[in-house]
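These protein sequence lines map, in sequence, to chains A and B. Sequential numbering from 1 applies to the first sequence in the working numbering. Sequential numbering from 1 applies to the second sequence in the working numbering.
Hints may be right or wrong, so weigh each one.
Which residues of chain B face chain A? A partial, calculated answer using Cβ under 10 Å [claimed, not checked]:
| id | residue |
| --- | --- |
| 1 | Ile-123 |
| 2 | Leu-124 |
| 3 | Val-313 |
Because the hints were derived from the structure by calculation, they are not lab data. Every residue gets a Cβ at the ideal spot worked out from N, C-alpha and C, and that includes glycine.
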Amino acid sequence: MKTVKAKVFGPDPPCYRCTAVKENVQKVAEKLKNEGITVEIERANIASREVVKKYGVLFSPALAVNDAVKIMGRIPTEEEIERLIRAAE
Amino acid sequence: MDEKLTRQIRTALLLAFVFIVVGLLVYSRIMAYSLAPTMKPADFSKYAWYEIPFYYLLDYFSHGWICLLFAFVAAGLVYEFMPKQMINKYMGSSKVTGYALGAGFAPFFTVCSCTMVPLFTGILYTGAGIGPAITFLLMAPAANILTILMTGELISWEIALVRVIVSLVTAVVAGVVISKTPWGKAIEKEHQTGQNPSATQQTVEIVKLPLDDRLISALRFGAYLVKQILPYFLLGLVAVSYVSAYMPEEIVERYLTGTIGVLVASVIGGPLYTPTLVEVVLGRSLLQLGMSKAALLSWLMGQPYDVANALAVSRIVRWKVVLTYVLIAWACSVSFGLLYGVLTGSL
């Protein structure tokens, strides 16, 4: 059993590309549920000062796994997200 | 087939595609093949009103597809391959770097709220402050790779170059002036807590991708831009075809030449929101109808940025700052239009 936090960064209101990232993460979360891996999905507003200060993300869409930014400025595929989440401690 | 070979083949195919697109543009240059529509305003008179947009679009796309294809492929590639991490790292380091990045990197960002808003707020929050943020905001829509390519191919490379230079000056002036105003300073203060952001930052460990995946990602971004921009572009072209067909030359000659022309062009260029790239095509039609080149420059400079961006940004910086840079941008558009007209004798 493990829990992995996935945070999707994007502007608010969400743009198409950020929504696409979130959907991919959700699909992966569904898949990994059966294996006992819980993925907590959060959305972070990239236009908020706290988010920019904490993560230093300037390019959206971005994805952080367990608070480490892994993807910036592109839409990762489901396989890639799955690899990242499996690799996360 | 093993994975390595598949990857190599994919990479080769994708690279071949990119080279073909670049090659097409080069070939069209060598053969002096026009990428701009060839119809003159007078040619429209032989068509019925409902036929006009059809023939204009046909004319436009039979010539313009190479340019459009190249522009979107280039925009995708540039966004994927630019050194994002480096920009991220240096963005907050100093004011001068902030201005240089804000203005210098703007050409690599294509008009899209996904890329504009985060960068604007990022520049504002990470330490460079409001000046570079405003510079970036004004520079990006005026001088991104799509508009430079389209202005160069459809109007002239001279205008494209002048447009980039004057936009740069305008953007930096607006940035510096706003950072000196009390309301600009107030916003800067509000958004900076004084501590070095990198000290509190979380780790950024970007995953590196193999070349074929990066190319695919670049082309996907290009395709996304097409989906975002093309529908409005098509609608815009329909409107342009009617302007070309029905706008009397006397009106254009009377109001869009000379000093009045610059003033009128700068004023209608602003509020008349045209979708991205349409301003270039419309500018070309008006030029054919007799608008002066000076007025054309003012017109191109008066183009506002994405409305969605403006809304998002005004929520962060409030109306006083927005009003200030609109006024500065307008004043610059008039002065540079007049200056260009006087210098080139095309007022």
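Given hint Ile-123(B) near chain A, where the shortest CB pair must fall under 10 Å: Status holds, d = 8 Å.
Hint validation: Leu-124(B) versus chain A, beta carbon distance must be below 10 Å. Holds or violated? Where the cut-off is 10 Å and the nearest Cβ of chain A is about 8 Å from Leu-124(B), the hint holds.
Does Val-313(B) pass the interface check with chain A, least Cβ-Cβ distance below 10 Å? 9 Å, holds
The structure fails none of the hints (numbered hints given earlier).
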